[in-house]
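The primary structure of each chain is shown beneath.
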Amino acid sequence: MIETLLDHTVLNPWVLSLTAFVPAGGALLIALLARRDRDVRWAAMAVSVLTLLLSLHLPAHYAEVAPTNSGVYAYELNVPWITSPNIHYHIGVDGISMWLVVLTTFLVPFCVLASWKSIHDRVKEFFILLLLLETAMIGVFISLDLFLFYFFWEATLIPMALIIGIFGHERRVYAAVKFFLYTMIASVFMLAAIIWLYVQSGTFDFVELQQKLASGALVLPGSASLWLFLGFFVAFAVKVPLFPLHTWLPDAHVEAPTAGSVLLAGVMLKMGTYGLVRFNLGLFPEEARRNAPWIVTLALIGIIYGALVALVQPNMKKLVAYSSVSHLGFVVLGTFSFTQAGLDGAVYQMLNHGISTGALFLLLGMLYDRRHTYEIKQYGGLATPMPVYATLFLLITLSSIGLPLMNGFVGEFLVLSGAFQAHALWGILAATGVIWSAFYMLWLYQRTFYGTITVPVNATLRDADMRERSVLVPMVVLALLMGVFPAFWMKPIDASAGMILKAHGPQVAMVQVMKDMVHK
Amino acid sequence: MTNSLFQPWLVPALPLAGMAINGLFGKRFSEKLVAAIALIATGCSFLVACLQALLLVNSGSPMLEQHYGTWIQAGKFTVDFGIYLDHLSLIMMLVVTGVGFLIHIYAAAYMHHEGGYYRFFSYLNLFMFFMLVLVLANNYLLMFVGWEGVGLASYLLIGFYFLKDSAANAGKKAFITNRVGDFGFLIALFMMIQTFGSVHYGSLYFNPGLVNALPLEHSTGILTMIGLLMLVGACGKSAQIPLFVWLPDAMEGPTPVSALIHAATMVTAGVYMVARSNPIFSRAPIALLAVAVIGTLTSFFAATIGMTQMDIKRVLAYSTVSQLGYMFMAAGVAAYSAGVFHLMTHAFFKALLFLAAGSVIHGIGGEQDMRKMGGLRKYMPWTFYTMATATVAIAGIPPLAGFWSKDEILWQAWSSPYGSKIFWAVGVITAFMTSFYMFRLLFMTFFGEYRGEAAVAHAGHDAHGGHGHTPHESPWMMLGPLVVLAALSIFGGFVGAGHRFEHFLDPVIQKVEAHRSALEVEAAAAPMTEEPAAEKSTELALMATSVIVALAGLGLAWFLYIKRPELPARIAAALGGLYTLVYNKYWIDELYKAVLISPLLWISTHVLWQSVDQKIIDGSVNDLAVTARDVSGVVRQQQSGLIRSYAGWIAAGAALVVAYMVWMGTR
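Residue numbers (numbering that gives the first Met the number 0), protein chains in the order written: chain A, 0 to 519; chain B, 0 to 666.
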C-alpha cells in the first residue's frame, strides 16, 4: 500500500486531469465559501499553488513516459465521453504542450498575488473566474480530441471576457465585447472545419485524424484541405494575433486588470500559436508549407510594424501590447520556417514571451496600483524613489529585448537562424527586430526611470514591497535560468518539434525534388 | 591543466562573483568593503590570467580549449560554453584584466563619496565579466554573448548619472547604435551556421577547418559576405564610420569608465573580431579592402574633429576613434598582428590619458573645458608628467610605445600585398594631426596661466562638489595607476622590436598566400623580390617620415598654443565655414536625426499607428464595434455578480455547442 502511494507512476494517467480540474474544483469550493475576501484570496492561492505542484510532475517524469503509448504523447488518457457524436475524453501532452501547461500553472499563482490588493470589489467572483480560466486554458493544451479542444477553447473566452468586462478600467465593456466577438467569430471557422472533418472521418480524435490524413486513408476532396487549413488558421491567427487581425489586443490589454493582461499575453496568445503548430502543421503539413510564404509575410510585417507602432505609444500598456504583436510575429515566423531551429525557437519564444511579457504586465500593474495611470508622460525619474523596482524592471526589459544569457535571446536566435536557413531575406528582415525592440524598450525605460522627477507626487512612491518582490524575483530568476541552461526546457521541445517536422517532411521534399527535375 | 585551483574559467568568473556580491548586498556595505570586493575580484582574475598565460606559453602548444557543457542545442546544431586560449586571446585577456585592475584601483579613489558607489563597482565588474567572455569564448555565439553584454555594461555605466538627461540619452544611443552593428554580426552568424553548420573556432579554422576545406573559388563570395557583415558589427562596437556617433557621447560616463570601456578594452573588440576571423578575411579580399578603407577614413576624419574640440574628454574620444581607425587599417591590409600590437599599446597610453584627464577634472572641480584650464603643471606635477609621457607615446615619438606600433602599421600599409600608398599617405597625415591635437591638449591644459575660475565650484560632468578652490593634485591611489601605465607606455613598445610581437601571433594568423590566384601572387611577388637591404632602407625612410611628422605636429602645437596663443582663434575665424563644420563634427548627429530618427518616428506615429492601425485596420473592424456596442448593453445586464448566472451562461454556451454538434452529426 505504502509502495503504491510512493510510486509516482500511479499518478501518471491522472496527473493531467488533476492539473486541469483542480482549479475548477477549487473554484467550486470558493463558491461555497463565505464571502470573506481574505479567505477567498488564500484559498485561490492554495489552489493555484497546488495546481502548479501537480503540473511539475509532468516535466519531472516526462523522460520516463515519453516513449510509451503512441510514441508522441505522454500522460495520455483516452476514454469515451459521448457516444454519439463520437467524442472522447482524450488528453495527453508532448514536449511542446507540456511546457505550455506548466507556463500556465506557473503564471496563475503570480496573478493571484498580483490581484491581492488591486481587486477589492467582487473578490470572490474574480478568483472563481480566474481559476475557471486556468482549467480552460490547461484544457486547450492537453486536448487530443478536436471537440474537447474546441470546448476548452471557447470556454476560455467567457471568464476572460468577464474578467476584462467587470474588473477592467474605464472602457472595459467595449474592450471585453470586442475581444469576445472578434475571437468568437474567428473560432466559428474552426468549428466548421472540425465538423467537416468529423463528417468526413467519423472521428474527432486528433491522433486518429492525423494518421488517416497522413496515410491517405482519409482523402480530402478538391480544395478541401486548403479550406480546412484556413478554417483553423483564421481562428488561431486572430488569437496570436497576426497582423492585420491584431487590433482587439491593445484595447483588451489596456482595459484588462493586471491578472487578465498577464494571462491574456502570457497564455492565451500562445493558444493561437500552439494551435498553429499542433493543428495547422500537424494535420495539414503540405498546406502549411504551400501557404507559408504569405503567412510569413504577415508575420514579418507584424514584427516590424508592431515594433514601430509600439515605439510611439504614449501609453505603456499599449506599448507592451504592440510589442507582443512583434514578439508573436517571431513565433509564427519560426513555426512556418519549417526548420528544426525555427520551430524549436518558436516554441521556446512562446515560453519566453509568457515570462517576460507576463512580468512586464505585472510590473506595469504595480505602477498602476500606485498612480492609476499608464501614461508614460506621468512618470520619469522613478529610479530614485523606487530603485529595487527599477532594477527588476530593467532585468525584465533585458529579457524582453533578447539580451544573451537571458531567455529571450535563445528563442529569438533560433527563430532567426531557422528563418534565415529557410529564406535569407526572412531572417534579415526579422533580425531588424533586435534594433527596434532595443529602441522602444530602452526609450520606455529612460522616460519612466531616468532623469529628474517631473510630476511631484512620484517622489513619494514606495518601492516594491515584499509581496511584489516575491512576484518579480522568481520571474527574473527563471528568465536567467532559461537563458543560461536552455537545454533543460529545450530537450523535450526539440524532440517533439522534430516529430512534427518529420510528418510528411521527406515526402514533400521528394515531391519538390521531382518537380525541380521536371522543370529542368 | 595540472593545477586544478587555477582553471581558466576563473578569469571571467571572479569578476562575475564580485558583481553578484556587490550588486546584491553592496548597498549595506561600506565604501571600503565594496572597493575591496571589486578589487580582489579583478586582481585575482588578473593573477589567474597571468598564470594561465605562463602555462600556455611554456606548454609550447599553440592553444588550449576547455569545454564546460552545451549551451544551446537544436537538432544537429549545438553551441558550447567553452574557453579558447591562444596567443591572441592571451594578449587580450592580459590587457583586459591588467588595465582593468589598474583602473579599478583608480576608480576606488575617484568615485569616493559618489552616490551609488556599490552600483558603480558592480557594473564595472559586470563589464569585466562580459569582456572576458568576449575574448575567451571558443565560438562566435559565445563571443556574441560578451559582445552584447559589454554593450549592456556600457549602457549602464554611460547612464550612471541617470538624473542627467544627457547621460541617459547617451547610454541609450550607445546601446541602439551598437544593436545596429549587432544586427550585422547576427546575420554573419546565420550565414556561418548555414554554410558551415558550426560557429566554433576550432572546427572552423583548424585541422583542417571548415573554412580552409572549402575550395577558394566556391567560397570567396560567401566569405566576403560574412566578412562584410562582421565588419558591420565591428563598426558598431569599435565606433567606426558610419556607426561612430555613440562614442563621443559616451563620455557622459564617469571618467574611469571612459578609460576602461571607451578607450582601452571594449571598443577594441571589433579589431579582435577581425583578427580572430583572419582566415575568413584573408580569403575575402573585398571584405579586407572594406576594413582598410573604413579604418583609414575613420582615422583621418576623427582626427580632424579632434583638432577643434575644447572639451578635454571629447578630444580624447575622437582620438580614440581615430586610433581605432589605425587598427582597422592594419587589419585591413592583413597585418592583423600590427593591429593587435597597436591595440595593446593604445590600451596603455589611452587609458593613461583618460585617467590623467580624470585627475585634472577631479583636481579643478569638475571642469572639462580646456579653455578654463592652463598652467596646471605646477599644481599637479605627477598628473602632468604621466600625461606628457602618454602624449609623447600616442604622438609616435620614439622610443615610446606608440611609435613602435604606429610605425609598424604605416610600414604594413605601404608594403603589405593588400596595402596601398594611399593608406600610408593618409596614415601619415593623420599621424601629424594626432601629434598636433595631443600636444594642443597638453599645452592648453598644463602650460600658460591657470584660466579657471577656481572660486566657482562647478558641478560639471563628474560632479565633484567641494573640490572647487585651487587646483590640487590627486591622491596616491589615483596617481599609482598613472605611474604604472606611464611605465607601460614607455616600455610597452619594445616587445614589438624585431617583429617579436608579430612572431608571437604567428600561430593565430593563417597564411593564405598559397590560396590566392596566380595573378595576385604575381602582383604580390614584385615587392617580395626586392633586395632585403632595399626593403630595410625603405622601412627606415618611412620610419623617419613618421617621426618627422610627429615632431612637426608637436612644433605646430607649440607655436600656436605657447608661442602665439592668440593665433588659433584668428585661424578659426579665417577658416570660417570649414572650421564651423569640423567644430560641429560635420553635423553628422544632426544629419542622422533629420534623415533617420525623425522620419522614423513621424511615419510610425502618423502613418503606421494613427492611419493604418487606427483608421484603416481598426476602422474596418468598426462595423463589428458598432454591433458590439449594442451587444454590450446585453452583456452589462449579465454582470449581476451572481456566480450562478455566470456558471449558467458557461453551461448554456457549452450546451448550445453540443446540441449543434449532435444535430450536425446525426443529420
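These are computed hints drawn from the structure, not numbers from a lab. Treat the hints with care, since some could be wrong.
[Said to hold, decoys possible] Once the Cα atoms are required to be at most 30 Å apart in a straight line, the calculated DSBU-like pairs of lysine-lysine come out as:
1. Lys163(B) - Lys376(A)
2. Lys163(B) - Lys501(A)
3. Lys376(A) - Lys75(B)
4. Lys592(B) - Lys163(B)
Keep in mind the model is a prediction, meaning the values are calculated, not measured.
Status of the hints after comparison with the structure:
1. Lys163(B) - Lys376(A): holds, 17 Å
2. Lys163(B) - Lys501(A): violated, 56 Å
3. Lys376(A) - Lys75(B): violated, 48 Å
4. Lys592(B) - Lys163(B): At roughly 21 Å apart (the allowed maximum being 30 Å), Lys163(B) and Lys592(B) satisfy the hint.
Hints 2 and 3 from the list above are not met by this structure, while the remaining hints are.
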